[in-house]
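Student: Listed below, chain by chain, are the residues.
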Amino acid sequence: MNGHRAVLASDGLTPPAGAARKASKVIRIALAGNPNTGKTTLFNAMTGSHQKVGNYAGVTVEKREGRRLYKGYEFQVHDLPGVYSLTAYSMDEVVARDFIINERPDVVIDVIDSTNIERNLYLCLQFQELNVPIVAALNLNDEAISRGIQIDEKRLSEILRMPVIKTVGKKSVGVEQILDKAIVVFEQKEKPAYEVSYGYELEEDVQAVIAELKKDDVFCLRYPVRWCAVKLIEKDARADELVGMHTAAASVRAVLKERVKRIEEHFGRDSSIVVSEQRYGYIHGAAAEAVTRLHSDKKTITEKVDQILMDRVLGFPVFLFILWSIFQITFKIGAYPMGWIESLFGWLSSLATSVIPAGILRSLLVDGVIAGVGGVSSFIPLIILLFMFISILEDSGYMSRAAFIMDKFLHIFGLHGQSFLPMILGIGCSVPAVMAARTLKNMRDRVITVMVTPFMSCGAKLPVYVLLAGAFFPKHAGTVVLSMYVVGATLALFSSLLFRKTVLRGESTPFVMELPPYRLPTVKGILWHVREKTFGYLKKAGLVLLPASMLIWAVTTFPKSAGDAPKDVAMAQSYAGQIGRGMAPVLAPIGFDWKIGIAAVTGFAAKEMVVSTLGVLYRVEARADEKSDSLRSALRRDPTFSPLVAYVLMLFMLIVVPCFASVSVIYSEIGFKWVMFAITYWTVLAWSLCFVVYHSGRLLGF
Amino acid sequence: MLGLKNGESFSVKRVTIAREIGKRLADMGFVRGAKGRIVRSAMLGDPIQVKICQYDVSIRRAEAQGIEVEMAEAGV
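Those sequence lines, one after another, are chains A and B.
Following the working numbering, the residues of the first sequence are numbered contiguously, the last one being 710.
Following the working numbering, the residues of the second sequence are numbered contiguously, the last one being 107.
If you are wondering where the hints come from, they were derived from the structure by calculation, not from laboratory data.
Heads up, some of the hints might be wrong.
Okay, the calculated beta carbon distance ranges per label pair [what the hints assert, rightly or not]:
#1 Trp348(A) <-> Asp77(B): 45 to 55 Å
#2 Glu203(A) <-> Gly76(B): 39 to 49 Å
#3 Met102(B) <-> Ser404(A): 33 to 43 Å
List time: in silico SDA-like cross-link candidates among lysine to any residue, alpha-carbon distance up to 20 Å [what the hints assert, rightly or not]:
#4 Lys416(A) <-> Arg71(B)
#5 Lys178(A) <-> Ser404(A)
#6 Lys66(B) <-> Tyr290(A)
#7 Lys416(A) <-> Lys36(B)
#8 Lys71(A) <-> Ile109(A)
#9 Lys306(A) <-> Arg71(B)
#10 Lys265(A) <-> Ala245(A)
#11 Lys416(A) <-> Asp77(B)
C-beta atoms are modelled at their ideal positions from N, C-alpha and C, and glycine is treated no differently.
Let the hints inform the model, and build the full structure from the sequences given.
Tutor: The following block contains the structure:
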């Protein structure tokens, strides 16, 4: 709507049909800023619902783009990851700076937290050095006012030579002024000339490096030279790679080495740190002129709340209680809509069964398509509820406090404080749990967390445990089931430690984590987050899960056995049966026969299917469940089974490759290479551990 | 910094470690002259919450060890 009016205003003509959305000029905006500055809220206020979410090529850093038609311009807004600096150490920061260097946006809108202007300007100055026009948004201005922070934005604008606008993102205050300023900056013929001063002591060295860099004209055209010189003094690995392309690389490096040596001797500390200090020095100078703080000794609300939530003794139980509540609400309440969805699809399949004549088509539709779509959809309530809570935790500022509380314990096993949440959620369902690992910013922490999350026994594995424990350990069923959870959690922790010491070695990532003030999450923000996660899940899981469930249907249906062969014979003769038989030699050493092989194949579709598959194979009533006595006694009668085999089978189902839905989500989070590694690891670990337990059990006479 | 008790204020002298962790600390405001205060430590004594440059940050003891500070009057 907005756009329509805008186009009319821009050229005064009625736009031709179909071209109504075309604006005359495109302004490419990069929205940048520190985390916790309300950047996403401002982005939403700017672009409304015209957004698309993806990943930056090759990395799992979220890429968000939005459009806005305003005053005859089409604003293409790229939301850069929230970062504190532009070093080469973190993927987020590399993505942000590469976007500026390679895509050359027309304007950078830098979102600044008004309550913490110095640290936010630190990033802003690095954008200035990249020679890109900037409009600064002093966001959270309402909070600054209530904390007695007064900012003279005119003075700040003069000192830093860029437009500065006060905004309150959640109330959309100042958004249009920002866009207006962006238009002004965009239309300016001359690019702004920023000058970040490093003080005379360092400036001489910066100039010396610049002089060397200027010897290559092509290099100077491609990269901002002053930025490059500063980054080199900061010992930035990426900048050093750029120098490799410089025609006089050797002399640049020689001059650099000499200058770095001088700086470190003069200042008595690492040159990379000297640059940070000088940059902060410049900022303090600017802030001193433009910012006044009315000092107050009154405790802020955040400090008061933290006295309880972050208390040494109370903090942990409070955290556990919050977690327990989320878990209970999600999986208890979520069970209802899940049930509705399941009955809807049950109704659909009985409808299809009654309408379509028996045959391949009906079987494909009922057991393949409807079952597959139903499977994908049944997770939706869980994802909606869980991400509602996660976004409340994140937006309120509690998430980083939970990480603070848990960090010491998890760090022992090479995990990060924030790994705790995905792992606990894994007890409910690995799919949303793996998605929750996105809160981990570091790729290595995320890969480890995602790979060990399936060891946290999910809800679908429970029926398998209940069936087997009920059949073979009737007196100690509860203890046996509990032992699975304990074994799973232990394996998760020690696997992380193993990964950290082998394939994902390296320096511990810094745990320098901001603890933002508590803020009331907005309904709009939560709904937006939930919607994004849900659609993201449907898109990714749907694409993989649907074909997968058809594949499982095909292997359990084909080749078709003669007319009225009983179900168990049909399944035994199907490809799944053949795979099961084929696996028999591998499974024999851990005490399993081909029937368990088939159950392992169908368990790949969904773990609870192990129970119904065994039901079919042991010829008990069609809809066997874990509490079915006939299935229990059928299992007990089978000489292959013994309490030991049953226990080993539970272990196997716990450790082996999780269901297809989880694997597809894991794939989309950590990529092909790691998912293949994980599949191998799960399989090898499952088999070896089962082998050891089975044979030790036999030796001990079980 | 590890010599300080909870609630004590400090002024940063310098960050003695370099590379990723040192650079991150400096980027986040742990620079010469910056005023801060140790707010609290977590259940097992690690990590610690530090107030620096008007905001709160959590750092591990291993990281705090690389920050040289001197005691300062309260006021942050």
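Student: Confirm or reject each hint.
Tutor: Hints and how they fare:
1. About 47 Å separates the C-beta atoms of Trp348(A) and Asp77(B), a value consistent with the hinted range of 45 to 55 Å.
2. In this structure the supplied range 39 to 49 Å holds for Glu203(A) paired with Gly76(B), their Cβ-Cβ distance being about 46 Å.
3. With their beta carbons about 34 Å apart, Met102(B) and Ser404(A) fall inside the hinted range of 33 to 43 Å.
4. Of the pairs offered as hints, the one joining Lys416(A) and Arg71(B) holds, with about 14 Å between alpha carbons and a cut-off of 20 Å not exceeded.
5. At roughly 14 Å between alpha-carbon atoms, Lys178(A) and Ser404(A) fall within 20 Å of each other, so this suggested pair holds.
6. Taking the CA atoms of Lys66(B) and Tyr290(A), the gap is about 16 Å. The hint holds against a cut of 20 Å.
7. For the proposed pair Lys416(A) and Lys36(B), the alpha carbon gap of about 19 Å is at most 20 Å, so the pair holds.
8. Annotation: proposed proximity of Lys71(A) to Ile109(A) holds, straight-line Cα distance about 16 Å (limit 20 Å).
9. For the hint linking Lys306(A) to Arg71(B), the alpha-carbon distance of about 18 Å falls within 20 Å, and the restraint holds.
10. Proximity of Lys265(A) to Ala245(A) is assessed by CA-CA distance (about 14 Å); at most 20 Å being required, the pair is judged to hold.
11. A C-alpha spacing of about 6 Å is found between Lys416(A) and Asp77(B), which places the hinted pair at or below 20 Å, so the restraint holds.
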